[in-house]
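K.L.:
Next come the chains, spelled out residue by residue.
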Amino acid sequence: MLSVQVSDLKTDGFPGIIKPMNTTFIRAAAVLLLLCAAAAAGSYALAQDQPKSAAPPVLVLAVMCETIENFKPVNQAVVFSISLGRVYCFTAFDPVPEKNDIYHRWYRQDRLISNAKLALNPPKWSSFSSMQLRDVDKGAWRVEIVDSQGMIMKTLRFSISD
Amino acid sequence: MGQLLGIGWQNVLDIALNTYILFRLYVLFRGTNVLRVLFAMVVLGVLRQVAVSMGLIITTWVLQGVIAVAALVIIIVFRNEISSVLQTKDLKSFFWGIPRYQLKTPMGIIVESVYEMARKKTGALIVLPLNKGLESVVQEGIPWQGKLSKEMLLSIFWDDNPVHDGAAVIQGDRITDVGVILPLSKRTDLPSHFGTRHRAALGLAEQTDALVIVVSEERGKITLVRNSQIYDINDASVLEKLLVRHAGDDTPARGFKKHTRELAVAAAICLVCVTGLWLSFSRGMETLATHDIPVEFINPGQKMEIFSSSASSIRLLLSGSRPLIRSLGPDRISVKLNLANAVPGINTLAVSRNTITLPPGISIKNIEPAQLEVLVDVSMQKELAVQPVWVGELARDLIMTHASAVPQKVGVIGPNQVLRQMHTLFTEPLLLENIHASGTLTADIALNPASIRLADQKNIKVQVAYTVEKREKTPQ
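Chains as they are written, first to last, in this note's numbering: chain A, 16 to 177; chain B, 386 to 861.
Chain B with its partners taken away, still in its complex shape:
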């Protein structure tokens, strides 16, 4: 597949590997503010590239500085979130696992436990995070990682339990942290009966998308806080409904589909980003290469024959990324010239980009020659007289009185238009300097133009018999 697209398997592996790394980062940091800042950095990076291309020197410089600072900000400000991602996950979840968040949360257990605690006037603070991470907002939690059960919840908030004052965080079917200190809301319009638990619940809801359930120790009332909204719960079914809605208002099956779809979209975006990045890098490493490609003539007319061409191959100056250029072989490039409209005689054919087939990602910088002269004609055979051609200088006291060639005539095949104009075949030049007496020489036939050939495929040798005599009279 990679080869089909003109990309080597190494490049496919490169893209796939980095796509997975990016996707894993998304999965691990999903819901945290780190991801948002990373997105912001990407946007800033794009803006910086735009500024560079537009030649905005100061803007480029400022954006570069902001990006550098943002990188530091991520490490310093979100160190808790980063460390929680890197430390709390086991290797499987780090490299492979996908957290399911609230989808597997048994809401019935929570509702039942909450009502039990309300009935017993046991104070409780239960946090159900959604997408945003809590790490940068909450403090001093104690990792718990206990399987969620009614008994577990009741024991956590039992008055004698050391961690009962803090909040319990539930993710999926597990109680992940207990004794968590939540930020307090600074609102002044809260009812007077709201205690610290309510204020803490509201404080967290103001800063995250988590849902917080508060059980009042004094009044045994249940309050649900989400998105700065406060709901007094008097009915167990209402509480369960609100909890389900918080988890996505889906049945487990639909929720799973939605979750899978979200991850698929994320994976696709990662793939697009990495591919774009790869193309950007590979374009940055653009290189040039020259290839000599043989010309292929297609669709010659019936009985028509190609007798000659001004060039048999085309030199292409190609441009593309280094990996593509390296993997480019002559077998993947073709130059096809269509002779469908050719007429007998010399046809001038343009070698345009349309006549050249190239793999994707490769562009043509130069074509040489840009046009070809192709002799196309109906083939014919003709007998031509053979004439010796003498060159050089005959000795001054000699005169060549006779020269004859055997065979006297030779059959040739060539284009009709050319052979109609031809009446003689000439031998290769015969040197006169070496001639001092009558004799015989052997010579080849000079086939000119190149579009003609001997009818008898054998290379015919011409025997030239000549007679020289002593010059009697010197011309005046």
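Bound-form chain A, shown alone:
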């Protein structure tokens, strides 16, 4: 039976991807950034007199993997054996300016099998979905990472083999 597992992972960082940094430096940088952002926002509001639009979440990692351990994708691949029983699609966003939704659309050949809705929370967020595999699921697959506006952010292509 085919099923999709969806999970949101709140992360302070992406272990193995983003290294931990000095706290004082971060605070100073954050204050500086805030000041700059406030100044820029003020001048923009005065000039445009229009409502502020939030920046979209930035996809920094999208991979297919055999499993997820400790919030990390394990054995990233493009070919998966059916004997694994399940395959995962892992995505990481940084930054996530505001609470948002993204979608993992799973296609076998060109046929939509599943459309998993995943929530993103500021400041950065990782999430994954998975697909349980049956024998008939062998063949070409793809997962489209789609934002809340319906724009495809990334397409991951893989095969399910013997």
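One or more hints might be untrue.
To be verified - Just a few of them, taken from the derived set where beta-carbon distance is under 7 Å, the chain A residues facing chain B:
| id | residue |
| --- | --- |
| 1 | Asn90 |
| 2 | Val93 |
| 3 | Asp177 |
As the list claims (entries may be wrong) - Straight-line distance between alpha carbons at most 20 Å, and here's what the computed DMTMM-like set of lysine to aspartate or glutamate pairs gives:
| id | chain 1 | residue 1 | chain 2 | residue 2 |
| --- | --- | --- | --- | --- |
| 4 | B | Lys794 | A | Asp150 |
| 5 | B | Lys721 | B | Glu671 |
| 6 | A | Lys169 | B | Asp544 |
By construction, these hints were calculated from the structure, which means they are not laboratory data. Yeah, the Cβ is synthetic: ideal placement off N, Cα and C, and Gly gets one too.
Dock chain B against chain A, hints included.
P.N.:
For chain B alone, coordinates are given in the frame of chain A:
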């Protein structure tokens, strides 16, 4: 012409030849009782066929017996008529000639001769046959075949002539037989002055449609007998009038037309009979044949294109006579499906008998498939991403971390409805068993469905670069 009707030239020749044979038989035996018995046999044959089709066993058996007996009867009873037809005719008249009977008979000569003999009290008995033959009725005639003339007639009935007691038979402008013995009438109401000649004349007239002229030897009177009617002739013009009426009451020109018309009708009937017989025989030899005929699509809408069909040809099981089936080629059969009412998408079209053109005489026993699914749509072009398809089993200690195809996208042309749903082109399956290290493979693109084709007509090869690594962790 034969080919147009679906009949080979051999069959046309077959029908023509037998029609002529039948027509010749009619011409040769016209007016004889043989022909009537033959007609009766044909009727019996038809009745027998009806009885067979109705399953009347005893009636069929009886009719079959009657027909067999009738055939014997014809040969035995009408042997004289048959032999006279076969023996007395020369080859030209047998195969080609058409007897004209009374049409060319010079009636004036007969009238003049008869009056001359009456004046001289010369007894005479002259027979002018019409349609019915005399062979089965008269006896002991002597073939004469002399050209008719007054002198000839007078000499035949001259008292010292050995044949003067018999009758002379006149056909056309010839005296064909003399000394012919006619059957005597058994009527009892005849006038007392009627002698043997009158009784013989009446006897023949009772059994045939011949006209008989009697010249009384004792009284020098002329008597005309026809259809059991006796006419005493006192005026030459009356005699000539009666003779002309007997010959058809026509001028030679009109008589010729009537005669030609009669023969034309007879020929037409012969043709119909032989054609019917041929059809009956050929149907009896009915056979079956299978033909695979390509389907022709007609009247597709503007800008519409046929992208696929569930079958490109139709298998027809055809039935017909063996000659027709043998002469039947695929070029003479067509299957045309009308796409005038087709809509974009898959259309189900019935392959009915109306959509199949066949030569006459051929019927359809089976159509396979009876309907086609035809994809008709507006054509469009689209760029589709190319994705490698991996099959088989990768070594357990390896993991394929990356695979990319070049070109990444390929343009295809296909039906609008199909291409709107398509986003990916897949390669032909790539085997994983042979992969032990990173490398590159070449693969063809699998064009599926068949309604799509590459925009660039060249067969594009996809280069697939892949990376494999040693597996660090085995999934739990």
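K.L.:
If you test the structure against every hint from before, which numbers come out violated?
P.N.:
Of the numbered hints given earlier, those the structure breaks are 4, 5 and 6, listed in rising order.
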